[in-house]
Structure formats: structure tokens, C-alpha cells
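> Each residue of the sequence shown is one higher than the one before, starting from 1 at the first, in full-length UniProt numbering.
Incorrect hints may have been included.
Unchecked claim - Under the rule of at most 30 Å between Cα atoms (straight-line distance), these lysine-lysine pairs were calculated in the DSS-like manner: (1) Lys78 to Lys7; (2) Lys54 to Lys30; (3) Lys58 to Lys82; (4) Lys58 to Lys78; (5) Lys7 to Lys45; (6) Lys205 to Lys82; (7) Lys82 to Lys45.
Derived from the structure by calculation, the hints contain no laboratory data.
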Amino acid sequence: FAINLGKRCVPPQNLDQNTPNIVLCQIFEKMSQSQKKGIWVEVSKFVGDGRTDKWAAKHYANAFRRALFQEELQATQKEQIKDLCVRMFGLESGQIAHEARQLFRNTNIFPEAISSYVFQTLARIKKGALQVQPTIKDLFPTKTEVNQNQIFDLNIPEDNVVQIQTDVKEKEEEIDESDVLNQAFYQIENKKNTMNLKLVELSKKMQQAPDLQSAINLLQSLQLGSG
Numbered sequence: 001f002a003i004n005l006g007k008r009c010v011p012p013q014n015l016d017q018n019t020p021n022i023v024l025c026q027i028f029e030k031m032s033q034s035q036k037k038g039i040w041v042e043v044s045k046f047v048g049d050g051r052t053d054k055w056a057a058k059h060y061a062n063a064f065r066r067a068l069f070q071e072e073l074q075a076t077q078k079e080q081i082k083d084l085c086v087r088m089f090g091l092e093s094g095q096i097a098h099e100a101r102q103l104f105r106n107t108n109i110f111p112e113a114i115s116s117y118v119f120q121t122l123a124r125i126k127k128g129a130l131q132v133q134p135t136i137k138d139l140f141p142t143k144t145e146v147n148q149n150q151i152f153d154l155n156i157p158e159d160n161v162v163q164i165q166t167d168v169k170e171k172e173e174e175i176d177e178s179d180v181l182n183q184a185f186y187q188i189e190n191k192k193n194t195m196n197l198k199l200v201e202l203s204k205k206m207q208q209a210p211d212l213q214s215a216i217n218l219l220q221s222l223q224l225g226s227g
């Protein structure tokens, strides 16, 4: 990479394996697209072993480019990522990784390191190997808590429930039971999807709040608006 990079410099430079990675990355990042064109083909041929230009480009983006970022994830930042993963668990992992990178966009931490830690954390949550207690649990319910509360969000009066049960019992010979279950499942799934979208929107608004009191005020205003 260093040798091929040096040939593309204007004027050409004598770069080799002794040139610090951070210097190589800085030179490459400042190059124009025309200067960069074809470099990964040359690098992959030099490496050999069946490596392709796509492999070389990916290796640079996901590993070699790390030299440009001097900060490492600290314990408090890892806890923030864990909390984010718990609050957004159940959504696409790529979306969660994007939110985590946005959270630390003003730092000098390697973005791929943030994404990698998100994927590791999600894997641990799925296996049950990680138990995280959110700092503001009542403001950000977990997916399990949301699922447990789905029945209360349907807002069906108790009298109506009794009447529905009675009607179904009286007409069970006329109505196929599987159709009733399918309709109920469809309604619950629609409600669940709507709730997940609302949680994502609420999570983003909470993260943008300047302090805890502002977050609480926002939640209270939403509750009054829905009440």
C-alpha cells in the first residue's frame, strides 16, 4: 500500500513499510478520486493469495484507517452503548450502530470500533449473557416490557371484552376459530409495530434533551397530550 501510494503522490514520494500508518492514511485521505483510482487493484496484486481489490478496500476502511483515530472507547462510553442497545433492542442492528456512531460523532474514536462494540453487545443480549439496568428505566422501556404492556395499549373496555367473548362462544359453530385468532394476531402485530416506531422517535427526542429535567418534562408533555 505504501509503495503504490508513494507513486501516486505529486510529486512522487518514497514511502515504504517503515512509514507510520497515520502518515499513509493522511496522504491517502487528501488524494483526489483520480489519484486513488485503481490503487486497490495494485495492492491486491502485490499481496497475492487470491486477495481482491474489494478485500483491499474493505481492509483499509475497517482496519488500516484506524490509525487516524487516536481515542479508544472508555468504560463510560461503553456503558452508554450498552444502554442504547437495550433501549433499541429489537430494531435493525445497522440502525442501532448508526445511532451509536452519531452519539460519538464529535469524538476521535474509530467509527468501526463503535459499530463492532454494538454488534458484540447485541449478541450478548440475545444470548442472555448481559444484564443491563437502564438508568431511566421508566422513560425507556425494553422490548420485553413493551411486549408485556401491549395488551394494556389496546384500550378495549372490560364490558366489550366480556361481550366479545360471549358473542364468539354463541357463534363458534359459524365462525372458524383460526380466522378469529388470525385477526387478533394481525391487530396486535399492527399495534406492536406502531409502538416500536413511537419508541424510536421518543428515544431520539430524549437523547437530544440537554439534561434529565428536560427529558422528564418532554415525557410529561407527551403523556398530557395523549391523556
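> Okay, which hints does this one fail, numbers in order?
Numbers 1 and 7 - these are the hints that the structure violates, sorted from lowest upward.
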